[in-house]
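S.K.: Here are the chains, one letter per residue:
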Amino acid sequence: MESLKAEGVKDVFGIPGGANLPTYDAMIDAEFRHVQVRHEQAGGHAAEGYAKASGRVGVAFATSGPGATNLVTAIADAMMDSTPTVFITGQVRTELIGTDGFQEADILGATLPFVKHSFAVTDPRQIPEYVHEAFHLASTGRPGPVLLDIPMDLSRADIDYVPRTEPVELPGYKPSTEGNIKQIRIAAKALASARRPIFYTGGGVINANASEELRELADSDRFPVTSTLMGLGAFPASSDRFLGMLGMHGTLTANWAMDKADLIVAIGARFDDRITGKLTEFAPHAKVIHIDIDPAEISKNVGAHIPIVGDVKQVLPKLTREYRALQTDSSRLDEWWNTLRGWQDAHPLYYEPSQNGEIKPQFMIEALHRASQGDAIVTSDVGQHQMWTAQYYGFDKPRRWINSGGLGTMGFGLPSAIGAKVACPDEEVVCVAGDGSLIMNVQELATCVTEQIPVKVFLMNNGYMGMVRQWQELFWDRRYSSVDMGSSPDWVKLAEAFGATGMRCDDSADLEEQMVAALEHDGPVLMDVRVAREENCYPMIPPGNAARDMVEAPRKAVG
Amino acid sequence: MEAGTPQVVKLEDLHVAGQLSGRKHILSILVENKPGVLARVAGLFSRRGFNIDTLAVGPTDDPSISRVTLTLDGAVHPIDQVTKQLHKLVNVLKIRDMEPEETVAREMALFKVSSAVENRAEIIQFAEIFRAKIVDVARRTMTIEVTGSADKIEAFERMVRPHGLVEMVRTGEIAIGRGHD
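These protein sequence lines map, in sequence, to chains A and B. With this note's numbering, the residue at position 116 of the first sequence is 116, and numbering never jumps. With this note's numbering, the residue at position 30 of the second sequence is 589, and numbering never jumps.
There could be a bad hint or two in this list.
Taking CB as the label site, the calculated pair distances span [as the list claims (entries may be wrong)]:
1. A:Leu170 to B:Arg582: 27 to 35 Å
2. B:Pro659 to A:Lys5: 53 to 61 Å
3. A:Val162 to B:Val728: 33 to 41 Å
Hints listed in this document are in silico derivations from the structure and should not be mistaken for laboratory results. Values in this document were obtained by computation on a predicted structure and should not be read as measured data. The beta-carbon is built from N, C-alpha and C at its ideal position, and this holds for glycine as well.
With the rest of the complex left out, here is chain B (with noise of 0.2 Å):
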């Protein structure tokens, strides 16, 4: 008997693997550092009608090869077909779909805000709660860099908002899988 195929398949009992995760997705994706690499990946996406959250490019340790990280919304897209169109593509070399309990990710962003003398001392205080970083003041605003999780990010921005947020500029996730013992 063959190893690990049932006696008899029954017709009913067959079923098509589930396509929709519902869930964020990270995909860390290893492509050649070769021109016109990013416009592949980034027209593959707009061209089968894929919506990329985020997106991150940047080099690796080997400057043969550049990172691609970007973040979908597995709720819309069905990630096994992402992944499959992405491998058709002859300078992608290899994607992981990051598991959310084994992945580090963090973002960075920059917030300008607005601050008037007197709400200058609850800014302040903001950035310290969320560990953020005062990289810029002027006479009207103030620049932030908070680097966390998108989570973070998000809850830092409403709390700043309503002091008048000038401009916000976020980098997209970027993730590493945790380390094993």
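Chain A extracted, bound-state conformation (with noise of 0.2 Å):
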């Protein structure tokens, strides 16, 4: 405990069990908030969700054996997103361990595809020396979880804590940030050939707190930005110059520009199978200069023909300032800037506004913007709804939009709402959240009314999974196959049952409004939007083709 207090942990998420008694006698007198979810998972998304809101590591206590597995699907996320985290997990008595003793499980050897590092501690000693090196590991070079598993008799023992005064050490882990000189220049020489740029930007900016170094490098000259899902807010989104996001449900803008470019920045991202579409058919004019914090990342998917290893936030000042230097002639882009808004004309964002009052999806992400000025703290499950609030809802700073992207978690969106919120609590934190993932961690409504959170939450009810409908109906013959959600539950009933506030709107004339009440609401609200059922959400590059395949949204004919 005074090791997490050393470390300025102010607020955990978590809970008892047997394994971990001791620590949550601890638990009592420590100084920092502890929240006490309805599940593991969602102890962890919390701690994802605190993380990626405000910078700080985000901690999540579970007990041993289950309570312990529950925390899989969170740890392999906060991986797949690079989220600094910290999981303290309960053991059996280090007596009981290789025994099958009851509630244990072996999460070090589960979870090892899934951490940054962890530790198993075989001695009370460790323990402060362990947890320091964990926020270290989590929280610098490529963030990511550290799990620490403690067995019961070991964190009951009485040890004194030491504050340690030395910064940590470890032999095997050198995060090099700086950025080689020479790489940068050439970079900066690349950029000032390059008749067709395009910025690509990814999470790392959000991590690295590196979106004012960004805009300082785009506003060197006039260079187009796209960014991925992770990144959104990095830049932002109202700016003339940004594409919008890009992939597989990008603007069709920001992908053509991808395809058609000389020369490709890739900042903080990493050439997920989602932005690059066909890979063999991924950018084939561009050459590449990516940017990355994790030498792994460079050339695992896409060759780099400039490599530079870095953080984003120390790279991009000194390519801002070599780039500077050559002072070259920005009339060179205007062609592609012909192109790109000759795209931009001719394929906006678009979808078939509704004639009857009945409530399409993107019209909802719209009416939130306007709900919410724009400026709330938004988190989403996965799906549908997911994609259409990061096409829709405008993110213009970094740490607006939580979401989970590589692991692709549903159920994610509540549980981060929670931790968002708890971390930043004079901040509006909605989330939007989809029918099929609201009812995987629904608990955590528990969560929000006993710890008073207020979160916001609206749902975008279609009455299926609709991403998987979506696919179900494009590429498997519209052959439906358990994606219905039937009519179950009574969202607002359930919300009730909870002791939240339970509200409904199926008229889009309405939405705004309602939206704006269930926000100056001082409690927590579920609000039951119900709106188009068969929605499919476009422009969409079809899986396993290449981006300048997008496919739009039909266009009804105008007769």
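Dock chain one against chain two, each of which comes alone in its own frame, and use the hints as you go.
M.R.: Listed below in structure tokens is the structure:
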């Protein structure tokens, strides 16, 4: 507990159980807040939401066995999205380890593929040292989850805490942060030669708190910027140089720009398959500058012509300086911008507006943007509603968009909203949920009520697991298999049963007003928003296709 | 003018560094001697779909450090990607991709060969040619210890197999850099 305090921990999430009783006993006197969640997975996601909203390390506790295994999804999620988190699990007493004791699970073994690092405590005196190492590992270099597994007899032991004076030193862990200046100079000159450049920015920019630095580099010339799902908000969506998100459900302009670019500057992004589409046909004309803190990301999926390993917060200002010194003529980009503007005019994000008051899901997100002045912290689950939120909310600031990108974890939205609200109590925190996803962690409404965490859940309810239904419609001959959610539950009654406020809206004329009312309400709110059932999310790169084969929303013939 | 960077960088002159080397690689990896380290290394290989051809683990002159020597096929796996992933393991201290000309590599193997009286002499002769040692003789089998490069061990296997190879055990290669004068 002293070690956690020394790390500046203010809030933690978790559930007690047999093997972490000693820890929870100490929790009573701890000087930080413990949020008692209702399921360990949700505690893990709350820690992630906390970390993503604030940049501080998120911490979640669970007991041994099932408590620990319930955390696995959250740990894997944090690994995929490089979220700085520390997970502390109880373990059975030392003498029981390996005997299949009650509530014993080899959580260290189970999570090996999903952790940045993990520690099994074998001596109580290791605890402070490991805690500090865990926080150091979680929060530096490429951030990620670190697991600390503590057998019950060892967490019970009384040890003297000696405050740490030395910085953490790990012989096998030395992230390079500065970026090779020679490579940076070559990159600046390549940028100066480029006629069709594009910045492709990812979650790394947000993790590095480098939005300002990105803006300065983009402002050093008229560089167009696109962002991954995870990077939204690092560059303002309202900027006229932002082409929108790229990837499977990105804008046509962003994807075609990648396809036609002669130089891609990848910044804190990892060329995920949802970005590249068919890898062999990805960006056929482009040379690649790849800036990333993790050397293993460079040339993993797409070969980098100019690799730069470093912290983007340190590398970008150097690149800006070197580029400015070259004093290039920005008119060389005129033709490129003409092309991009032409695409933007001809192929904007589009949906068929409703004629009869039915709420289109895209309209719902636009209404939420207006109701929250575009300034809320927005979390989401995974599916269609997630993509529509990414497309239509328009994030202008970093750490406002919190979702599960890499692992794609349904049920992430509500618990991560709890984490975000605990981290940023003065901010408006809303969760855009899907009805397929929300039910997976709906028990956390109890946490919102009992812990007085007033998050606002806007449920995009189409009665389907919508994205799966969309794929079955488009690629499986409309053979719908196990995607209809039926009419259960009654979400308003469910919210009320938990002691939260339930609301329902099925008329687009009332939606914005009702949303404002929900946001102004003091406590947690769940609003069941009935949306068009079989709306599809467009544009879309069909799986296995190239970016240039992007499919747009079908338009009704003008008659 | 800055040293080392050209005046102008033309995009058409930029290339991606080569990925597949096309040959066998021996990686010599120093790891912290802590529980679970081998599981981390092995798990990384299976998770990333890298195939290990051989793997040998042993202590070093420093009791807190162990050495993992593994061989893998650079025609199938980008070695650069393998080493970068390995470096992400916090317990991995140092990785050397051993240069073939600069390296002495050895492997040991034990062969249990069926040795009827009539072909015993021939097997003993093979052993002598390969500078192998006969370490056990029974009524129907002989066990022979062979040390050398992987090629030599494979050559010996080809020689004795027609006589009836009962069992073979190989250690996997270990390697050390050649000394410099």
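S.K.: Take the hints in turn and mark each one as holding or not.
M.R.: Structure-based check of all given hints:
1. A:Leu170 to B:Arg582: 27 to 35 Å: At 33 Å between Cβs, range holds.
2. B:Pro659 to A:Lys5: 53 to 61 Å: Distance hint for Pro659 (chain B), Lys5 (chain A) holds at roughly 54 Å.
3. A:Val162 to B:Val728: 33 to 41 Å: violated (50 Å)
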